[in-house]
Structure formats: C-alpha cells, structure tokens
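Chain B: place on chain A using the hints.
Protein chains in written order, with this note's numbering: chain A, 1 to 427; chain B, 1 to 427.
Because the hints were derived from the structure by calculation, they are not lab data.
The model shown is predicted, which means the values in this text are computed figures rather than measured ones.
For each residue, glycine too, the CB sits at the ideal point set by N, CA and C.
There's no promise every hint is true.
[To be verified] Have a look at the derived ranges for each label pair, beta carbon to beta carbon:
1) G389/A with E176/B: 43 to 49 Å
2) E224/A with G427/B: 39 to 45 Å
3) S7/A with T35/B: 54 to 60 Å
4) A320/A with T87/B: 46 to 52 Å
5) L75/B with P112/A: 34 to 40 Å
6) R107/A with T118/B: 15 to 21 Å
7) L111/B with R93/A: 20 to 26 Å
8) D90/B with A300/A: 53 to 59 Å
9) I105/A with E176/B: 43 to 49 Å
10) E83/A with G108/B: 35 to 41 Å
11) R93/B with E316/A: 44 to 50 Å
Each chain, letter by letter, is given below.
There are 2 protein chains.
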Amino acid sequence: MTDTAISADVEAAVLEACQRAKVASRSLATATRITKDAALHAMADGLVADAARIVAANAKDVDREREGGMSPGLLDRLTLTEERIATIADALRFLASLPDPVGEIRRGSTLPNGLRLTQKAVPMGVVGMIYEARPNVTVDAAGLALKSGNAAVLRGGSAAAESNEVIVAVLQDALESVGLPRDCVQSIDAYGREGARVLMHARGLVDVLVPRGGRGLIQTVVRESTVPAIETGEGNCHVYLDADAPLERCIDIVVNSKTHRVGVCNAAETLLVHKDAEDKLPAVLAALHEAGVTLHVDDAAADLAPDNVPTVPATEEDWATEYLSMDLAVRVVENIDEAIAHIRRYSTGHTEAIVTDDINAAEHFVSHLDSAAVMVNASTRFTDGGEFGLGAEIGISTQKLHARGPMGLAELTTTTWVVYGDGHVRG
Amino acid sequence: MTDTAISADVEAAVLEACQRAKVASRSLATATRITKDAALHAMADGLVADAARIVAANAKDVDREREGGMSPGLLDRLTLTEERIATIADALRFLASLPDPVGEIRRGSTLPNGLRLTQKAVPMGVVGMIYEARPNVTVDAAGLALKSGNAAVLRGGSAAAESNEVIVAVLQDALESVGLPRDCVQSIDAYGREGARVLMHARGLVDVLVPRGGRGLIQTVVRESTVPAIETGEGNCHVYLDADAPLERCIDIVVNSKTHRVGVCNAAETLLVHKDAEDKLPAVLAALHEAGVTLHVDDAAADLAPDNVPTVPATEEDWATEYLSMDLAVRVVENIDEAIAHIRRYSTGHTEAIVTDDINAAEHFVSHLDSAAVMVNASTRFTDGGEFGLGAEIGISTQKLHARGPMGLAELTTTTWVVYGDGHVRG
Chain A
1 MTDTAISADV EAAVLEACQR AKVASRSLAT ATRITKDAAL HAMADGLVAD
51 AARIVAANAK DVDREREGGM SPGLLDRLTL TEERIATIAD ALRFLASLPD
101 PVGEIRRGST LPNGLRLTQK AVPMGVVGMI YEARPNVTVD AAGLALKSGN
151 AAVLRGGSAA AESNEVIVAV LQDALESVGL PRDCVQSIDA YGREGARVLM
201 HARGLVDVLV PRGGRGLIQT VVRESTVPAI ETGEGNCHVY LDADAPLERC
251 IDIVVNSKTH RVGVCNAAET LLVHKDAEDK LPAVLAALHE AGVTLHVDDA
301 AADLAPDNVP TVPATEEDWA TEYLSMDLAV RVVENIDEAI AHIRRYSTGH
351 TEAIVTDDIN AAEHFVSHLD SAAVMVNAST RFTDGGEFGL GAEIGISTQK
401 LHARGPMGLA ELTTTTWVVY GDGHVRG
Chain B
1 MTDTAISADV EAAVLEACQR AKVASRSLAT ATRITKDAAL HAMADGLVAD
51 AARIVAANAK DVDREREGGM SPGLLDRLTL TEERIATIAD ALRFLASLPD
101 PVGEIRRGST LPNGLRLTQK AVPMGVVGMI YEARPNVTVD AAGLALKSGN
151 AAVLRGGSAA AESNEVIVAV LQDALESVGL PRDCVQSIDA YGREGARVLM
201 HARGLVDVLV PRGGRGLIQT VVRESTVPAI ETGEGNCHVY LDADAPLERC
251 IDIVVNSKTH RVGVCNAAET LLVHKDAEDK LPAVLAALHE AGVTLHVDDA
301 AADLAPDNVP TVPATEEDWA TEYLSMDLAV RVVENIDEAI AHIRRYSTGH
351 TEAIVTDDIN AAEHFVSHLD SAAVMVNAST RFTDGGEFGL GAEIGISTQK
401 LHARGPMGLA ELTTTTWVVY GDGHVRG
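One chain only, chain A, in its complex shape (with noise of 0.2 Å):
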C-alpha cells in the first residue's frame, strides 16, 4: 500500500467498518428530514445527558497530554466542560433547523425527444473525516454528514481518543433510539495511523475524504488518498492597500483582518502596500503594533515605521509562512500587478482583500486572482460558512474541485440525473 506495511488485522478491521458504514448510508440516504432532525435532537440531548460521563473521559486525555507536555493552547482545544458540551449540543440543534440538502433539484429539462431530465442532489455514501485533537470535531462532522445523508467514519486524534469514545458511544445510541443504523457513526481511532491509512485507501468504499487540522495532516492525506480528498483550510491569506485607500478603512481592515482571531485560516498573514500608499504605513503599522503585533517588514516598511514601533526585517520564509499567531509579514509594492504577483507566488488560495476606492483596481484584483474567495473592502475573517450565510460549516476548500471555500451542507452531496421517458431508444 505505501512504504510502511500495515497489519492485515488493522486493515481488515478499518474495511470492515467501512463495509458497514456502506450499509448504513443506504438508510440513510432514503430517511427523510423528519427522522435525520430527530437524530439530531436525540444526539444532542444524549450529549447533554451523558455530559459528566464526558468529561471524566476528557480529563483523562488532558492530564495525560498535559503530562506528555503538550501547550495550553492545544489543551485548551482539547478540554471540554459540561458548558462546553452545551454549545457542542446547541450546533446539532441548529443543524436540524437547516433545509435538507438532499432530494434539491439542481438543473432540470424537457429534451426535444420527450425524455424529462432531473439533476437531483443525494447523499456522497461515506464521508471519511481524519482530523487532530479536537473532540468538538467528532460531533461537529458526525452532525453534517448525517444532516446531508451521509455515513461518517471517523479519525480523530489520539490525543482525544478516550472523549471520542464515549462522545461516539453517545450518539450512536441516539441514532439507535430514532431507529437509524448505530454504523452511521464509527470511530477507527482504535486502530491509530496505521487505520488511518487504510482509511485513505478505501477507494469504492469511502466516497470522499475530508482532513481538518495542520498542513502535515492535511498534505499527507491530500498526497497518499485514493479515495478522494478534499484540501482544506491552509491560509497565507493577503490584505492589500491600494494606492487609492483611505487611511481609516486601512487601518480598519488590516487589523480586523490580523488580531480579531489569530490561529484560523481566514486570518490575514501579508500586508501588502502600494508605494504611493506609503504615506499611510506609519499610521497602519502604529496600530498593529498597538494591537500586539510583530511586524516582519522589508527595507522600504522598515524605513516607514516609527521610531516607536519595534519591527524585525521579513525573510523569503516569512512571505511563505501561514503564522496562526500574531505576526504580521509587511512588504511595500510598485503597483498593483506586483501584489498580484507576489500573492500568485506565495498564497495558499484561501482568501485575499484588497482595500481601495478605485473601481478598476478592485475589478483588476478580482479578476487577476485565483483564490477561493476575494475580498473588496472587506476583512478576510469574512470567508466563513456561517457568516456567508451557509449555515454550518464542514471546512474550507482551497482546491478548485468539487469544493472552493466555505463547504456547507449541499457540498456533503453529489447529484444523479434521473431521466423519465415513455420507451425511449436512441435512433
């Protein structure tokens, strides 16, 4: 299969439990929004139930990672409270209040033959999930995929491997008790990275893959899955301040864009500036730095910086590097055309912002550039599923199949053409 060799017991036991998932997507996908709705409530209450039973398993994966050293910042990612479960229940409720995806008509016709042509949506089948030590998560993709009809076979990390556990234990027993198949949720996290791989090449089994974590995570899946995958989520995300941009908005957006949440993937990582915008770097770069950022600038910011505002001079890792904290890479353009380039060069393909007044910069920005969402005047920490008004979100696509941005719902499902004629042969 690759490099390493797996154990047979480990593979025939990761197909296995995707077999069953196959099964119990076929219920699935012909259970109406009534009985996927009450799964929903029934799985968030269970959550609520169960809550203290939850969180002493959750105890045991945050001492012994935090014996294992790991940073408070993962723990605290890691921990759960019965508050915390709350808000996890509260997401399923909010889910079952969405329209159901499945069964939406996308395009439709008569032919000039007669034949009644009908592009509908239905369920993917099995939705595989590997993702890293958020226990959230777990509830999270159960929620979607089975809003959206579909079976999920999931792989967390291990570092929440006893949350996982009872967290699925839960809400299989609440697929039980609306009478939907408890296969409709399986956990593998038994069989660590070796089930993991076998999960990446179940190809005929496994209808499409979704990593959500860390750019190893997501780059190991993306490069060894057969199965398809979907690349989500990776940020070297771009604000640009046109020669034409008025200082506030400047100021407004940038910052926004940086410190209003740090560690997500919509958070802006280069500044970009026209020289003819210089004037008003001092200004931008005072407030950054007042909000607690490091600057990484090259000579032309440095030069532009005041006296009182610290920088450190930006290397070529800097403008290749999603920081997920609070950094800043600074870089003074000649025009517009060289902040295109410098972005085709070293964006991941998420979301960039322009920041102008001029209406043929903004139009030539947005259509000289490949991201998944552009911005005009608007901070990046806007592409998001909930505020594009998708509803939920299972992740962000930055590949160009299947998926670009926010992925909701309806991006869970495929489409069949079903096709009525009255005896219809091809002459």
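Just chain B now, with coordinates in the frame of chain A:
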C-alpha cells in the same frame, strides 16, 4: 515519486511545460468569449487547411501500428482522413457557438451586514488530459479546455505521436494568430510514460486531471495521481425488466441499450429480469440473438431461451465485466430488491435502467440506486453530454466528487467567491 525512477530531465521538462501552461492560463482566464471563439474558429480553419499534412503524419502512425499488430478496430479509431478532420473541425466550430461557461453567477446574496456575495464560475487553470490512441481527442480536449478558459497539457498515446505532434502545432499557430499564448495547448507526448507520471504528480501546477481510455489507464491515473483526478467512463450498465413491464418496450430498450453501439460506456452489459416477467424472456432473448448478441445466462434464463437461441452459461466474472462487445449477461431475480442488490454489487455507477409500468417500482429503483444516471423506461444510451443538451462532453464521470455523469464545459470550471464591502470588519 513511485516505484520506478523518473529521469531528472523528463521531470524538469514536464514540470516546466506545466509551469508555462499555468502562466498562459492567466491570459486565458481573462480572455473574452470573442477572443476564445476566434481561437476555436482559427483552430478549425487551421486543421482543414493543413489536413493533408496531418493525414500524412497520421499515415506513419497507422503504418507503424498496423505492423505492430494493432487490431482493426483500434486502427480505425487511430486513422484520420481529410473527411474526418473536417468533422473534427466542425466540432470546434460548434464549441464556439456555445455560451461561455466562465463568468456565470452561480449564487449570490446580500448578507444581513450588507456584504454583497457572488459565487462566480472561473476556469480551473490548467487541465491535464491523459488518453489513448485517438488523435481526435487531442483536438476535442484542447477545444473544451480553451472554451472554458483553461490551458491544456495533453498526453496522448504513443501510437498517435506523429499525428498529435502536427495537430498540436496547428492548434498553437491558431492560438498565436488571435493573440493567445501558444502555451495554452501543449503536448508532453515526447516524454512518454515517464512524462505522464510527472503530470500526475504536478500538484499545484495542474488543477485537474481527466483520464480518457480503458479501465487500466483510468485506474492508474485515479490511484497514482496526486493531482485531483476525475474517474470517467467505466460503464457496467444494467437494464432491469420489472414484473410489470410491457413486452414491446422491454425488447426496444434492451436491444437499443445493448446493440445501438457496443464499444461505448453507456451500452448495457447485464440484463436483470423479475421472475414474474419470465414469460417475456423468450421473446427478449430471441430479439437479442437476432440482433447478433451472445447471451451469457444464469440457469433460470437458460431454461427460458427458445431452442433456436444459443446461450452460454454465465460465470461470476460475467456479472462484473464491461464487455464493450456484442455480449450480454442475463439473470433472473426474485424481485426488485434482488435486482438492486445485484446492481449495487457489480455496477461501476454509470447508468442503470428500469422498464416498468409501475410507478412505485420506478420510484423504488430510482431512490435505492447510487449511479450517475438512472433511466426509467429509456435506453442506457441516453447518458451522454450531447443527448442531455450540455453541448459538448469531455467524459462521463462515475465518481461523486465535483462532476457526476456527462461532463460539459461547466464541469471544467470552478468557482470563486467575490465579496464586496465598504470597510466591513468582523465584530
């Protein structure tokens, strides 16, 4: 990269071609329909003007392959005549008559905070094609890619190398004549199988890979490629005669699905018959025999074949075979659910058809199957981009990600979210 080494020279040359295609794709992405259609007409005119030169190059391919023992069927597909070139050129002119898929607004809304959201169709960028010895695919693929604003990197079969070299040069001259970069259409045939493998791993340079050809080629591409690929064209299609199916319609649809054209992916390969429709089977088998079909039958069907209709016993392998020939597997089933179970087990997910007068049976068949197209009382042969009114077709996708069923120009685009604000930041 994989198990056998690839020479550094080939890798460098193919990656450079892909890089040049990426640069060229930027001109194409912003080219107007007027320019793209002018290019398609110039390509058509060029092919016709240079037909003699193309036919001469093609003769070398045909002679070499004939001596090498290529079958008459494949030799016919390889052969170009001035008449065939005129037909190929007409297909380009037809493409020019189709609407531009680029720039289409798919969704859009104004968000509660006033942000104006637009999801716009944009080109993929660089489309890779790996195909076999049919030089017409070279023109087809180049034309479809161009119309949808994509650069194309083409890897045709070595059997058509001489033909493709001349054809690509003619197409590049046409591009240049309307001011588009020659690099919009490139061939990497000179780099052989090694070149194809570099193309499959050019993730980041090539946006999507579409294989066209036999099962071996397609499976190699979808399994080995790290570039997102689309599985196309494998069709183990089924026709199911329900208990309540009128005899004449059974005969019409089965004979048409099997014999209208046998070497294509939407031809039927297995006939399933409800046991309550057994009385129709003798006449259906007789009609198929008369049309020249070899019948591979289970025991129940064997018993029902008229004395003058020869049959051969079906084996397990027959159910799984895409014959692409005048052969048909035939099985009698207990009921519609056994037919559905059979199809789920053996189908490649292309097209299935039911013949019935029973609305409940039709609905049950449609909602319990999971293929790209499901026909009710119509021939499997209708699953086709031209028949569906999509205008043109680059292949028929049997996977669930991105495109399903006939892929037209729209399926060669992706989308970008363009978001307009007036200084919006997240609070």
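*Which earlier hints turn out false for this structure, listed by number in ascending order?*
none
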